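Turn these sequences into a full structure, and let the hints steer you where they fit.
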Amino acid sequence: MSNKSTGTAFEREFSQMLSDNGFWAHCLSDNRNGQPFDVIAARNGATYVFDCKDCQGDAFLLSRIEENQHNAMTLWSMTGNKQGLFVVRIQETVIIVPHRMLTIMKENGSKQVRYKELLRCGRTFNQWMEHQNKLDKQVTQCR
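Going by the UniProt record's numbering, 11 is the number at position 11 of the sequence shown; the sequence numbering is gapless.
If you're looking for bench data, these hints aren't it; they were derived computationally from the structure.
Fair warning: this is a prediction, and the values are worked out from it, not measured in the lab.
Some hints could be false.
[Stated by the list, open to error] In silico DSS-like pairs for lysine-lysine, Cα to Cα no more than 27 Å straight-line: (1) 111 - 82; (2) 53 - 116; (3) 106 - 53; (4) 82 - 137; (5) 134 - 82; (6) 116 - 134; (7) 82 - 53.
[What the hints assert, rightly or not] So the derived label-pair ranges between C-beta atoms look like this: (8) 20 - 134: 14 to 20 Å; (9) 29 - 75: 17 to 23 Å; (10) 104 - 26: 24 to 30 Å; (11) 137 - 61: 34 to 40 Å; (12) 42 - 64: 22 to 28 Å.
For glycine and all other residues, C-beta sits at the position ideal for the given N, C-alpha and C.
This is the structure in structure tokens:
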């Protein structure tokens with residue numbers, strides 16, 4: 001399987017993971033123009049954008065963040081939306097990392113982020129879902 005088809009399969013898999021947890025989720029695909037996000041998802045009034053990266057080694061290369069992805073995620077959050085997120089599958093673990101965290105690392109001279117660093121600055125999918133469920137309960141209690 002090529003890198004492109006592996007990545008597309010991961011995007012679909014991640015979108016399904018979100019759907020299985022109560023999100024409306026949609027894979028974006030405009031390969032000719034290079035869409036800035038792979039998946040957009042919404043639940044309980046909050047919308048999220050994700051870019052999926054499937055890593056074969058033990059580190060995520062920051063050079064894999066394309067300029068259009070960086071610009072789009074920056075503008076997405078500047079316009080009042082939730083922060084853009086990178087979904088990194090590494091060592092069979094799906095880790096969700098805020099775009100801003102990876103930007104700070106890159107600005108500080110890092111070229112790559114290893115598995116343990118990703119776990120420190122992000123959350124596994126299950127941890128992220130637990131956090132989302134807590135947020136949803138807080139919002140429900142306020143209504």
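Here is what the structure says about each hint:
The suggested pairing of residue 111 with residue 82 holds, with an alpha-carbon distance near 26 Å, which does not exceed 27 Å. At roughly 16 Å between alpha-carbon atoms, residue 53 and residue 116 fall within 27 Å of each other, so this suggested pair holds. Distance check on the hinted pair: residue 106 and residue 53 sit about 16 Å apart at the alpha-carbon level, within 27 Å; holds. A C-alpha spacing of about 18 Å is found between residue 82 and residue 137, which places the hinted pair at or below 27 Å, so the restraint holds.
With a CA separation close to 16 Å, the supplied pair residue 134 and residue 82 stays within the 27 Å bound. With a C-alpha separation of about 25 Å, the suggested pair residue 116 and residue 134 falls inside the 27 Å cut-off, and the hint holds. Proximity of residue 82 to residue 53 is assessed by CA-CA distance (about 19 Å); at most 27 Å being required, the pair is judged to hold. Restraint check, residue 20 to residue 134: a C-beta distance of roughly 18 Å satisfies the suggested window 14 to 20 Å.
About 21 Å separates the C-beta atoms of residue 29 and residue 75, a value consistent with the hinted range of 17 to 23 Å. Distance hint for residue 104 and residue 26: a CB-CB separation of about 29 Å, consistent with the stated range 24 to 30 Å. The hinted range of 34 to 40 Å is satisfied by residue 137 and residue 61, whose Cβ atoms lie roughly 37 Å apart. Here the CB-CB span from residue 42 to residue 64 is close to 26 Å, well matched to the stated 22 to 28 Å.
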